[in-house]
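Chemist: As they're listed, the protein sequences go chains A and B.
Quick note: the first sequence uses the working numbering, first residue 130, plus one each step.
Quick note: the second sequence uses the working numbering, first residue 1333, plus one each step.
It cannot be assumed that every hint is accurate.
Short derived list, chain B residues pointing at chain A, Cβ under 8 angstroms [claimed, not checked]: (1) 1440; (2) 1542; (3) 1545; (4) 1552; (5) 1572.
The following label-pair restraints were derived from C-beta to C-beta distances [what the hints assert, rightly or not]: (6) A:154 - B:1369: 24 to 32 angstroms; (7) A:298 - B:1609: 29 to 37 angstroms; (8) B:1593 - A:140: 55 to 63 angstroms; (9) A:244 - B:1419: 56 to 64 angstroms; (10) A:237 - B:1593: 34 to 42 angstroms; (11) B:1462 - A:140: 26 to 34 angstroms; (12) B:1394 - A:140: 37 to 45 angstroms; (13) B:1420 - A:200: 22 to 30 angstroms.
These are computed hints drawn from the structure, not numbers from a lab.
Ideal Cβ positions, reconstructed from N, Cα and C, are used throughout, including at glycine.
Chain by chain, the residues run as shown.
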Amino acid sequence: MIIKKISTPLTKEKVKELKAGDTVYISGTIYTGRDAAHQRLIKTLQNGEKLPFPVKDAVIYYVGPSPAKPGKPIGSAGPTTSYRMDDLTVPLLEQGLTGMIGKGLRSQKVIDGMKKNEAVYFAAIGGAAALIANAIKKAEVIAYEDLGTEAIRKLEVEDFPAIVVIDSQGNNLYETERKKYEVTEEEK
Amino acid sequence: MRRLDVKRVEDAVREMSIKANLFLGEDVKKAFEIAKERESSPVGKEIIKNLIKNAEIARNEEMPICQDTGMAVIFVEIGQEVQFFGGNITKAINEGVRRGYKDGYLRKSVVKDPLIRENTKDNTPAIIYYDIVEGDKVKITLAPKGFGSENMSKTKMLKPSDGVEGVIDFVLQTVEEAGPNPCPPIVVGVGIGGTIDKAAVLAKKALTRSIGTYNQKEHLRELEETLLKKINNLGIGPQGLGGNTTALAVHVEDFATHIAGLPVAVNINCHAARHEEVIL
């Protein structure tokens, strides 16, 4: 298990160093965005308008946090399932997005887009939302406030734990690891 | 007739909403401890350890185990000798959800119209199922249901000749297709029989059973064991990153059905198999 500490902005040079299976601790600024926010981002691009945050070399985290208690920057904040963003992802990669944090499978279209635009997909542990919240030091809503939990937030994170599941060469941990533990009929 | 103030139902629902989301059930904790020992993948083992750690942080800091605090699904068994007073029972339950999700700093994840998608901002309405039973007690079971796992659930109308093999194939296919998406290790609820809607409700209700309990019918208990073994042989593992802990439990519930049909529903729950119960 290789452990790497990385910081944002996540340049293409840094992306190339990351391999499927690496455990990473991410520090710096990342942005949140999930279903409804993605729809608005894509509409913004289609209208030829400017996105509400600098997307080049940025990392986006698919999350809808629970409300912050008084004195806390954020509530529980684990990853949401990524495939729902699949149809809305490639245009963002083309704008220079280099990292995505979520959980679960991605479509071939997204993987092709990641290879072409040199981007990486990280998985955070689904459900480990209280544990992950401890890595988030600051949170500020910067766009689409009316979407509530789905609004885009700018997060300052310190040692945010994740695993590289699909790297920029298209190596996919979900495919390779499962095969190692599958018990076939003959083996029983 | 026993008279029961609906305010007591409201307060119980408020309290259960918070408790279910903040404190991981003892049954799940025990299942995690067993899985931690049995898991052969080092990454999988590490993930289970982190899930145990997550539950401890959630408890100590009183924050939700998972940010998806779900849609509140509530089963109510009402003794036929109970008479409610002080208001409408459905309104009282929704008021309990509204207060619990607000006071507990829980995420409001419900949109009032599935197509227009405007958030109701208080996590209501709840999904409520009422049953009339004997006696003068009211039993309320609340299970917040996250949609990472709900989205991976399925129903299918099998032919009677498909039999138990058909059921096994459909459950395995559903779990396989879900892969890492529903946050494994999962709990699998299976409803067999009735009509398409009845099977779906049975599958959901099966998820409210504590891990470690089994169906009383011998052949269904065997089916639960067979399914659990076959699911864990798929290799999906914790978070889909490989391993032999894909599911913590499989719960099967059944009901009579028509000569022409064999409805099956599979409802998947993530590892945060939340459920609270109270008897008033």
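Chemist: Determine for every hint whether it applies to the structure shown.
Modeler: Hints versus structure:
A distance limit of 8 angstroms between C-beta atoms decides the matter here; for residue 1440 (chain B) the minimum to chain A is near 7 angstroms, and the interface restraint holds. With a least beta-carbon distance of about 19 angstroms to chain A, the hint placing residue 1542 (chain B) at the interface is violated under the 8 angstroms criterion. At about 22 angstroms, the closest approach between the beta carbon of residue 1545 (chain B) and any beta carbon in chain A exceeds 8 angstroms, and the interface hint on this residue is violated. With its C-beta approaching chain A no nearer than about 23 angstroms, residue 1552 (chain B) sits outside the 8 angstroms limit, and its interface hint is violated.
Interface hint at residue 1572 (chain B): satisfied, since its Cβ lies 5 angstroms from the closest Cβ of chain A, which is below the 8 angstroms cut-off. Between residue 154 (chain A) and residue 1369 (chain B), the C-beta spacing of about 27 angstroms keeps the proposed range 24 to 32 angstroms intact. With their beta carbons about 50 angstroms apart, residue 298 (chain A) and residue 1609 (chain B) fall outside the hinted range of 29 to 37 angstroms. Distance hint check: the CB atoms of residue 1593 (chain B) and residue 140 (chain A) are about 58 angstroms apart, consistent with the given range 55 to 63 angstroms.
Checked against the hint of 56 to 64 angstroms, the C-beta distance between residue 244 (chain A) and residue 1419 (chain B) comes to roughly 60 angstroms, which is consistent with it. Restraint check, residue 237 (chain A) to residue 1593 (chain B): a C-beta distance of roughly 37 angstroms satisfies the suggested window 34 to 42 angstroms. Taking the beta carbon of each, residue 1462 (chain B) and residue 140 (chain A) are about 58 angstroms apart, not inside 26 to 34 angstroms as hinted. Remark: the range hint 37 to 45 angstroms for residue 1394 (chain B) to residue 140 (chain A) is upheld by a beta-carbon distance near 39 angstroms.
In this structure the hint that residue 1420 (chain B) and residue 200 (chain A) lie 22 to 30 angstroms apart at CB is violated, the actual value being about 38 angstroms.
The earlier numbered hints that this structure contradicts are 2, 3, 4, 7, 11, 13.
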